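Next come the chains, spelled out residue by residue.
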Amino acid sequence: MGLHNGDKMMRYEEWSKLARKASKRSLWMVHFCTGCGAIEMPPVMTSRYDMERFGIASMATPRQADVLLITGYLTVKTLRRVIQVYEQMQSPKYVIAFGSCTINGGMYWDSYNTIKHLEKYIPVDLYIAGCMPRPEGIINAFLELMKLIDEGKARGWERYQKYYDKYKENQRRVFNFEVKEEKEEKEQKREKNEEH
Amino acid sequence: MKEYELFIGPQHPGITGNMMYHLWVDGDTVTKAECNVGYLHRGFEKLMESRLWMQNIPLVCRICVPEPDVNEAAYSMAVEQLMDWEIPDRAKYIRTIVLELARIAAYLMAIGSYAGSIGIYTLPQWSMGDRDYILDIFEQLTGARVYHIYIWPGGVRWDMPAELPRLIEKTLNYIEERLKLYDDVLFENRVFFDRAVGVGKIPCNKAIEWGVTGPNLRACGYGYDVRKLEPYAAYDEIDFDIVSYPDLGKFDAHEAGDVYTRMIIRRLEIEQSIAIIRQALKKMPEGEHILKHPNWLRWKVPEGYAFARVESSKGEFGYFVVSDGGLKPVRVHVRGPSYTHGINVAEKLLQGANIADVSQILFSLDICPPDIER
Amino acid sequence: MKSIELLGKGEEMHGRAYIKLSADEIEESIKKLKENGFNHFVMLSCVDWLDKGKFELVYHMWNYEEKEHAMLSVDIDRNNAVMKSMSHLFPQIETYEREIHEMYGIKFEGNNRLTPFLLENWPHDPPMRKDFDSKKFVKQMYESIPFIEGDENEGI
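Residue numbers (numbering that gives the first Met the number 0), protein chains in the order written: chain A, 0 to 195; chain B, 0 to 373; chain C, 0 to 155.
FYI, nobody ran anything at the bench for these hints, they're computed from the structure.
Treat the hints loosely; a few may be bogus.
[Stated by the list, open to error] Calculated lysine-lysine pairs in the PhoX-like style (CA-CA distance at most 20 Å, straight line):
no., chain 1, residue 1, chain 2, residue 2
1, C, 66, B, 227
2, C, 19, C, 31
3, B, 327, C, 51
[Claimed, not checked] Only part of the chain C face toward chain B is listed, based on derived beta-carbon distances under 8 Å:
no., residue
4, 12
5, 41
6, 63
7, 116
None of these values were measured; they are calculated from a predicted model.
C-beta: ideal position from N, C-alpha, C; glycine also.
Isolated chain A, as found in the complex (with noise of 0.2 Å):
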């Protein structure tokens, strides 16, 4: 992956296929409920549901968490901060997107206030069909989540990397910030086109 040395590139894919091999049986999540389907995480922590089994415990801070749950809708105030909870996780990291409403808008397709697809913002790797998904398809899902990380095909933080300027412009977008500057620029370049 980068190293071209014949000997080195052999021995970093061996120990990344282990380091995969380990990680994936000790997922740690993100403690957020950011919408909707949050009432059904509760469940799924606990005794009936029980998710410890796999590995899968809640931590408090980004800074020690490996998964990031985004439990339904998401709204433009919520996204600046999961934005930055993101960007604090250290790699490699997996987003879960729940729910109807990360995909197309869900039922709330004619708000102002939410996001309509959250795969423009941030790199999701795996989704969840449902309003609300019940705690058997969540937990298929974290099953599923281990079987990509097993095979190498989870990848979402390096295309993050890789399209970095692309993701940021979009998130500018939403957030309204630029909005006197943008406007300010567009009419300087008009004016110096003008004169051209």
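Chain A is already provided as a structure; the job is to place chains B and C on it using the hints.
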């Protein structure tokens, strides 16, 4: 000492959901608190103005996430007021049973989350597991665990199946036995007593002026409950008591309006709800379960202003519906109980509190951010 | 009904009292009802009548002894929406006025906490007004943002 600014932010296990409190702290005491909400604002009221009357019901139940049946009931009652409809008796009893089961589930979740905030981590594991048996009853009755879409204007969607009363009776017996274990672990625990008595007191002579409702108001000494003041569903035909300070059953009463009294009142109201469900199952009459609806695509509700209120586990839920005789509502305004609890009351109670008690005070007021900002 | 007797006008609508007042009488009326048992302030709502060109503010109050609900309604002009603030009578009215200011654009004089409440960095029109088209806004703001190209399983 210098004053520090602390953000108890949206990603935190010590607050009840997705909201933020901005605190100014001097040493160990909080000098000023400000609430910052808006992280869950979906613009429900704007969405409801562009959908037909029946299309609003799946939207309405997503306003309060831990207890969605209360919203469906209040919206349906407001539409029935405008149409001048009287629902059949069997529907009234079924609505009572559904609302009381939702209340028990919400109280179990509130008690579990509160215990987690003071460090007794066994109780959330137990209470979330017990609450799941109630969600199993809902799944057999309505088809879904969390969002039921079951209470419609004019009655309820389907009739109750014949085997359900036996399952309900079995679950209620199980929960009654478990309550004794909860007493051992939390309510008769010396740690709970030392941490909760005298903390976070609401001044009782100003409680109504501040807009406090629900179990928080009953903990200040007022015995007001919407189920007795303005009976809806079948509550006027069922016998039950209102639990308020200072009659706290087998527990001793200490100070009015503090964290201890609020949690004890929630614990005692679970027993009252169990008694209500048993009476309703015995007294349920036969009959129709819903009135006949007109064609939904052409249903016009007559002009007027209607207000319906319902007692939820957090306080008083109110719906103000305005219609001008058209296919879609002109205005639907939702009043959640946490609007006053989470913003005005919490900001005043957090002044002068220890940092270690901030989480406890917020969980005991039972604040739910989706119904502040819809 | 007691509120209709105290204020001298109004009608009963579906079991509630609905009283129409002018903008000058509203403060006296709320004080009079508050002294006579109506000590629970339920909420403050705003209805936008676009064709009639007015905003209608409705103050809801509840009496625990008489079990009566009163709706006091005030009309304001839509193009010049200014109203006196009632936050000195009940402390929670301050939050209701803050939200109505953000969602409808009505100015309340005397309330010095009219800061952004639910929306952050919102430079467009107040969203709850009837002439704010939310479907057009969604298309222009959210649907026009492009997807990121690239293969799903592509890495560095």
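Which numbered hints are broken by the structure, listed smallest first? Going through the list in order, the structure violates no hint and respects every one.
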